[in-house]
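Student: For what it's worth, our numbering labels the leading residue of the sequence shown as 3, then goes sequentially.
Heads up, some of the hints might be wrong.
Pairwise CB distance ranges, derived in the manner of DEER restraints [said to hold, decoys possible]:
| id | residue 1 | residue 2 | range |
| --- | --- | --- | --- |
| 1 | MET218 | ILE193 | 30 to 36 Å |
| 2 | MET411 | TYR198 | 18 to 24 Å |
| 3 | PHE162 | ASN195 | 43 to 49 Å |
It should be emphasised that the hints constitute simulated quantities derived from the structure, not laboratory data. For glycine and all other residues, C-beta sits at the position ideal for the given N, C-alpha and C.
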Amino acid sequence: MDTIEKRFHLREHGTTLRTEILAGATTFATMAYICVLQPLYMKQAGMDAVGVLLSTALVSGLITMFMGWYSNMPIALAPGIASSVVLTFSIVQSGLATWETGLGMVMVSALLFLILSLFKLREKVVELIPKNIKVGISAGLGVFIIRTALVNAKLINPDFRGFGDMSDPSVRLAAISTVLCLLLSFVRIRIGNREYKIRASLLITIILATLIGIPMGVTQAPSSLFTQGGIKALGNVAFKLDLLGALKPEYVAFIFAFFISDFFGTLATALGLGAQMGQLDENGNLPVIGKIFLADSIGSVLGAAMGLTIVTSYVESAAGIEVGGKTGLSSIFTGIFFLFTMLFAPIFLMIPTAATTPVLIMIGISMMQGLKTVDYEATEWTPVAILIMSTLFYGISQGIGIGLFAYCMIKTAYYLFTGEKGQMPSLMTWAFTVLACLQFVL
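With these hints in hand, go ahead and build the complete structure from the sequences.
Tutor: The following block contains the structure:
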């Protein structure tokens, strides 16, 4: 315990070993779906599904533990779904390149990340973003999480026109688990003069919803408890990337797409989680973001080598923070759970999407609370509102690009008509905005 205390400063952060274990388990439970979706998508690209699952668990476990040890932040990492979709459908199934070459593109992007992180250039970029926009990024990410959770669970239609089909058992389970989560999250038990809340409400929701899903036919009980044929399967995907083949000019746009997706995804997640923990400074910056960027970059390099798409920081880490996780020790335990997945994959794969839906909704709501610190003067609030709406309809990186563009245009127009120099965005902010908007051209 002395060693743990010296490294993670539990008492200083007002947490305990028990709380950090609970937080790590909760974060893992909300992220376990990646062990299902990543193999599913990569299989459609021609890769060995079991090998991808094992690689996902191995890399996610190791890099999440490194993140916890290095940054002392409760942030977990895993392959990003967006980059998996791009590789499978836009690169491989379109006939543009093989999955080996696609992984080479991922590696090029990851190496660029690593170089920028080592020279602390990513931190400098963050400082160029106005404070209100940083808060808007966090809130926009929360809205996007809620929308994604509702759509994936089919509680609402993708076009937002009405509710989903309640005759579908999985949709009913998602609705039941949402009600259950709300009850467990806000119920208070009074004993004597003290009032208690259920600290593990999110994890309990996931467990109960998974069990309820068994008689409903949503949760499929595994036929075996242990993973079989793992070593051979892992060898089918690890170290197969084609780095030289990825250096062709026609692949530049895809490399940039991977780069932009992870850059803004990690930026939004780091700022959002930092805001949730109250660790942003007076300028809306997160002091340890450099360490987060470096760990994230190393994860992407390791992931590409092991047959995975961009490895990124997961906003589901907020689930662990919500139950009290405040240090990197919770990430250590999240990583351990990921490693156990390699041995007991069938057990973890039985968690249905409907069981994690309400947890993500609660996380999104929590991340929107940062809006109470926003300056609601018209020129300040308008670009934030545009960013949030754009994130809701188009995605995280797109929302940030549109929000930054709106900010620069509004502030420049205001300066031109009033002459107030303090309203004019800096040239570096304009340059960063142009970079963020290149995703709409390439």
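Student: Indicate whether the distance between the beta carbons of MET411 and TYR198 respects the range 18 to 24 Å.
Tutor: Given about 50 Å between the Cβ atoms, the range is violated.
Student: Given the hint of 30 to 36 Å, is the C-beta distance from MET218 to ILE193 inside that range or not?
Tutor: Holds, at about 35 Å.
Student: Is 43 to 49 Å a correct range for the gap between the Cβ atoms of PHE162 and ASN195?
Tutor: With a Cβ separation near 47 Å, PHE162 and ASN195 satisfy 43 to 49 Å, so the hint holds.
In terms of the numbered hints stated before, the structure departs from hint 2 and from no other.
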